[in-house]
Each structure stands twice: as structure tokens, then as C-alpha cells.
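Trainee: Two independent chains are provided; combine them into the complex using the hints.
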Amino acid sequence: MSEKKKLKVATTSLAGCFGCHMSFLDIDERLFTLLEHIEFDRSPLTDIKHVSPDCDIGIIEGGLCNAENVHVLREFRQNCKILIAIGACAINGGLPAQRNHLSLAAILEEVYHTSPGLTNGMIPNDPELPLPLDQVHPIHEVVKIDYFIPGCPPSADAIWKVLTDLLAGREPELGHGLMHYD
Amino acid sequence: MSQTLTLDGKSIPFNDGETIIQAATRAGVFIPHLCYHPEFKPHGSCKLCTVKVNGRQTASCTMRAAVGMVVESDTEEINAERRALTQMLFVEGNHFCPSCEKSGQCQLQATAYHLGMMSPHYDHFFPNRAVDASHPDFLLDFNRCILCSLCVRASRDVDGKNVFALSGRGIDTHLIVNARSGKLADTNFAEADKAAQVCPVGVILPKRRGFAVPIGERKYDKQPIDEIVAEGK
Numbered sequence: 677m678s679e680k681k682k683l684k685v686a687t688t689s690l691a692g693c694f695g696c697h698m699s700f701l702d703i704d705e706r707l708f709t710l711l712e713h714i715e716f717d718r719s720p721l722t723d724i725k726h727v728s729p730d731c732d733i734g735i736i737e738g739g740l741c742n743a744e745n746v747h748v749l750r751e752f753r754q755n756c757k758i759l760i761a762i763g764a765c766a767i768n769g770g771l772p773a774q775r776n777h778l779s780l781a782a783i784l785e786e787v788y789h790t791s792p793g794l795t796n797g798m799i800p801n802d803p804e805l806p807l808p809l810d811q812v813h814p815i816h817e818v819v820k821i822d823y824f825i826p827g828c829p830p831s832a833d834a835i836w837k838v839l840t841d842l843l844a845g846r847e848p849e850l851g852h853g854l855m856h857y858d
Numbered sequence: 177m178s179q180t181l182t183l184d185g186k187s188i189p190f191n192d193g194e195t196i197i198q199a200a201t202r203a204g205v206f207i208p209h210l211c212y213h214p215e216f217k218p219h220g221s222c223k224l225c226t227v228k229v230n231g232r233q234t235a236s237c238t239m240r241a242a243v244g245m246v247v248e249s250d251t252e253e254i255n256a257e258r259r260a261l262t263q264m265l266f267v268e269g270n271h272f273c274p275s276c277e278k279s280g281q282c283q284l285q286a287t288a289y290h291l292g293m294m295s296p297h298y299d300h301f302f303p304n305r306a307v308d309a310s311h312p313d314f315l316l317d318f319n320r321c322i323l324c325s326l327c328v329r330a331s332r333d334v335d336g337k338n339v340f341a342l343s344g345r346g347i348d349t350h351l352i353v354n355a356r357s358g359k360l361a362d363t364n365f366a367e368a369d370k371a372a373q374v375c376p377v378g379v380i381l382p383k384r385r386g387f388a389v390p391i392g393e394r395k396y397d398k399q400p401i402d403e404i405v406a407e408g409k
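As given, the protein sequences belong to chains A and B, one line each in that order.
The working numbering numbers the first residue of the first sequence as 677 and each following residue consecutively.
The working numbering numbers the first residue of the second sequence as 177 and each following residue consecutively.
By construction, these hints were calculated from the structure, which means they are not laboratory data.
Even glycine gets a Cβ: it sits at the ideal position worked out from N, Cα and C.
There's no promise every hint is true.
Reference listing, derived: stretches of chain B covered by chain A, where coverage requires no fewer than 3 residues with Cβ under 8 Å from a Cβ of chain A [as the list claims (entries may be wrong)]: (1) 277-286; (2) 327-334.
Below, computed lysine-lysine pairings styled on DSS-like, alpha-carbon distance capped at 27 Å [what the hints assert, rightly or not]: (3) A:Lys837 to B:Lys395; (4) B:Lys398 to B:Lys359; (5) A:Lys837 to B:Lys398; (6) A:Lys820 to A:Lys682; (7) A:Lys684 to A:Lys837.
Just chain B, with the same shape it has in the complex (with noise of 0.2 Å):
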């Protein structure tokens, strides 16, 4: 690993074909995040990620590491930008944090702490999203999803069952059962499912599991997301 690109005047070591969020996360920097995750393909559709490449913005987990880029992440207008997407996440959905049970676990709202989101500032939609329990023992509740599509590609590309779909277009884009009923308990969908288990936010919700640890005792109430991801945790 001899080739290096410059992040925040670090310089950060990487192996051909890594993108910039990889080499980033590998020397425990990290770079904020909601449809990227280390095992699979990136989707390059939240934009957290964004980050300036030789002054121009582009997502880090879909851009390439090259030699000599010099990259910006952690500055006070990219997080801004970020904080700002934050919220229109916040407001598009229904994100009521304290009856959520991935309160403390959930990726978004660890996130928005470390963007120092004190408010969602924009106007709230209030989309009514009906849940889905028909599945004897997960829950989807459609309120909390933020379409990082990380279940469809779960589903698809390690599961090989497709249970869900992101469908529509724009706005109108939402998360779909692909079952002729549309409902989950018309899947093959089941717990061992690595679907089950990528969800970042509380939209795919084991039933019956509610508060075993206690609200304050989460990790990121323990650990902020930050020093969670550069740890390697």
C-alpha cells in the first residue's frame, strides 16, 4: 500500500480499487454514513457521505481512491450540507425517538448526534405509512424508513429471496414487500435473514424483543458513532 490520497491534510494509504470511505474507515477516520455498509455494493443514494474531492462534491463510498486526491470531509460546510440532509430524513419520515425501540441502536439518530442536530428545522410531512405486522415474528414499521436499500440488497444479493423492493419515483419513493399481497407474512422472509439484521433505522423489528436493554444503556448512548466506526467496531 504505497499509493496514498491526502483526507482532512492526513495522508491515507490505499489498495487499488478501494473507494474513499473504505481507505477513510480502514485508518479509523470516519465519514458519515447511512446506505453504505462495509459488505455490500454501494448504493451512493443518501449522500451523507459526500465529501469534496480536489474542491468538488462527490459521494466517498461510490468515488475511487486515486494518487494525490486531496479530499475534504470534516469541515464545517460539508457537515452543514450534512446536518441539512440529516434533517430532511427526520422530517420526511415519523421519527418519534422515544417510543422507538432502536432508539440508542439506530444509525440515523446516531448520526444526527454527531452532526450536533439540536432540531429537525424544516417543516414536518407527517406521511401516514401504515405498519406491517402481519409476520408472526418481525414487525415493519414504514415510518422510520429512510429508502437506504440496504434490506433490498440484503435480501437480493446475500439472502438470493428479493423480499423487498424500493418503489415509485422522487418523493414518492418507498419500500416495498414484494409479495402479491404485499404483505411480509407472504415472503420467505425469515430470521436468519441477513435482511433482518441491516435495517439501520426501526423499520425491520424482531417481535417480542422490546426493551431488553434499557433506554441510556444502547450503544451509541454508550459510544458515539464516530469513535465506534474509526474503533472498527
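Isolated chain A, as found in the complex (with noise of 0.2 Å):
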């Protein structure tokens, strides 16, 4: 019997915290059956730095704080088959995204200059730093997202049940008990 052709699955952490990552690890044993059907491909799991044009599945931890999110963001898009937002950083811009009332400028200035303990602070300013952006966005505001998984972070079960429903060419579903957004 010749094998199946195993699916590419690239993962990264854009303005997340990488809690949905250690979520996706928390699918314990199950990541050895995973791993009958899946290859990963660009991750924080392999250290690949781009992901390749072939890839199947790409899997998005976080929102959009600068400029660098963006551009990983619309490499996953232009590589990826399918790309799935997982956790509320990447569905609703999550905690990050609570600075958006405030303006960054003032942000930057109370973090670096007038926050109590500091002195002689200054505003990061190095070309190598990428640019925040002036607010926090969910990831499908700007490319189109064909799958979520809800939660903070979603629980190792979600997550495994929408790659199996995916795995399966099912439509992926979560119930009651396995959708959270808390």
C-alpha cells in the first residue's frame, strides 16, 4: 500500500502570547497520530523561517500589532490551502487590542519615558524593529480566514477536533463545552 502523501501544516504567533501553541501541544499522545497524517512545515516547532508554496494548513496564534504581522500574515495567506485563526488574539485582536482607545504615541511615551522607575528612558528606534501599527486588528480584517477556533486559549479537545474534522474533509464544528471564548 503506498503512503498517503502527508499534509503540510505550518504554525506561527503573530501578537499572541503563544498560550494557543502550548494549547495545541496540550493534544499530548494524539500529536504522534497527528503526525501519521501531518508534516510541520514553517513553525516555532521547527525553526523553518518561510513557509512553503505547498503548504496545506496554516495555523495563526495571534492579531496584528506591526508591521512584521502583517507581512508574516500574507505569507501564510499566499502559501497556505487553508488558514485557521486559533484563540481570541487572532479573532478579535484579544488583549493587545485593549490599547486601542489609546493613542500610540501616548502609549510609547508612558512605557518608555514617564513610567515611575525610569530614567534617561527612550523610544526604541532601531531600522530592525518593526513599526506597530496604531491599532490592534484581528487577523481577518486583513486576508481571508476559513476556519476559527475561538478560545483563550482553545482547549487541546477544540483543537484537535476541528484537525480531525479537517483531516477527515468534514466541516469543522465545535459544541457545547468545547466552544469558549473565555
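Mentor: See below:
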């Protein structure tokens, strides 16, 4: 019997905390079953730097808080057949988006100049650093997202359900107990 | 109760003067709703309880039941529209569930779960709304207000205090506090008020009671909203 071609899966964390990646690893032994069907492409788990052009599934954690986030998101969209937003931050901006009612200048000023305990603070301005966006945005506002796994983070069971649904060719569905925004 | 209407193919009895949602709830059928509350006069504004009566859309909280009505509620078409309305409520406010004390007991969230809302779909407004923490016992977080007017009705009709009101029109509609300063501390709002208990989302919250029940063990974590309402809990 010829072996079925494994699906390529890429993952990244943009303006996220890697909590969703931790929850993904929480599928524990099921990772072995998963690895019979997939191989990891660009991901913090492999340290591959760019998404292969024939990637099947891209999983994005975190929203968009700077120019690099947008760049990485576009690379994922360009190279992945299916893009999945994972977690509250990718879906509605999450915790980082709670800065959205403040001006970026005021935030930088407070963080680097006026916070208690700071002396001679300066706002970082190295050309290597990506520029922050004026507001944090969820990823569906910039590229088309095919599936969403809500939660902060989504449980390992919720992630497993969506991935196994997709691998089986079913429309992913989270029922009561797996569907959580918190 | 010999009179009946047909709801999703099921015969539902009703009393004279009852609305469709009242008859449905008594018969154990859940119709999603946010501004409707069985103890108050209907407001008919959230439109989540929209059903099709003899092929035409109407709010089931304001429409009186009538003999022989054919009502459709739990259909793919109507639920898709309810989901879209719910998504609009999410993007118009600042609904960050992970850091909200109401998460797990929030009717907006539970309804979104029920409707299978996987994402907010639309672009977020990220409005700038200040929090009112002036009152010694209660906090008002306007970021989560969905303009259901339940606190307005409770304070006016039950408490006889008129603490809250909806001000402005259309997209500018917002909840205000009836005090010269606009602050809750400058009203006679009190913990025993009905208005302190009816908020379906996380706007009116008691202070110093955060996370007494852990996330994951709250009302709608344990049982979905359709079952809770259908069982009359």
C-alpha cells in the first residue's frame, strides 16, 4: 500500500502569547497520531523560516500589532490552502487590542519615558524593529480566514476536533463544551 | 388553552394576549433573544427573536400569538440572520471575554455559542468608552453594552428610580446615567435594585466579587442556554 502524502502544516504566533501553541501541544499523545497525517512546515516547533509554497494548512495565533505581523500573515495566506485563526487574539485582537482606545504616541511615552522607575528612557528606534500599528487588528480584517477556533486558549480537545474534522474532510464544528471565547 | 399555533411544525398552545415567545418558552421551545425578559414589557429592539410568521419576519417578543399562525424559528436562514446580528453586537462594542467577569454567565456569549458564532466576521469598531467606577458597590463597563434597555426598564418600572436611559439615535445610541454628573455615584442606585440584576452582559457588575466562580464552571459552561431556557431555569 502506497503511503498517503502527508499534509504540510505551518504555524505562527503574531501578537499572541504562545498560549495557543501550548494548548496545541496539550493534545499530548495525539500528536503521534497527528504526525501520521501531517508534517510541520514553518513553525516555532521546527524553526523553518518561511512557509513552503505548497503548504496545506496554516494556523495563526495572535492578532496584528506591527508591520511584521502583517507581512508574516500575508506570507501564510499566499502559501497555505487553508488558513485557521486560533485563539481570541487572532479572532478579535484579544488582550493586545485593549490598547486600541489609547494613542500609540501616549503608550510609547508612558512605557518608555514616564513610567515610575525609568531614568533616561528612550523609545526604541532601531531600523531592525518592526513599526507598531496604530491599533491592533484581528487577522480576518486583513486576509481571508477559512476557519476559526475561539478560546483563550482553545482547549486541546477543541483544537484536536477542528484538525481531525478537517483531516477527515468534514466541516469543523465545535459543540457545547468545546466552544469557548474565554 | 384550546387555541394553538404551529411553531416549526409543532403545535403550541397559547392564552389570549400571549406573545409568540411567551407561548414558545412555556412549551419548552427556545427562541434566541437578548432584550426580551419574561418579567418586563417587551422592547423589540435586538431582533434576535425574529421569526417568520406566515412567511413574514417579525419579532416574536412583540407579536401576539393567534390561532392558526404558522411560525418558523429554528431554520438555517433565520439562524444565519441571528448570527449576523450577534456578530454586529460583538464588533460594535469591546467584548473581550477572557478578561470579563461575566464570561460564562453572559447571555450574549451563550447566545453566540448557541448560534455557532466562530468569529465576529465584521471589522471591529473598537469604540472608546469610559468605565464608570464612581459607585462604591457597582462598576459600569459601557464597553459591553448591547443597548437591550433591561436596566432602563427595571430601574424605571420596578425600582421606580429611573437611573438609566438610552440617549442618542441610530449608531450613536448609548446608555447614560440620569445624574447631572452622569456618574452612578450621584444616583440612588443600590444593590437591592432590580436594575442591579438584569444586565445580560457585563456592564453592571458588583465590585469586590471577581471570579468567585472560576471560568469553566459557570452557568452556561455547564449547560447551553437553549436547554436552560427550555427547562424554565
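Trainee: State the violated hints by number, sorted upward, taking the hints as numbered earlier in the document.
Mentor: Hints 2 and 4 contradicted; others consistent.
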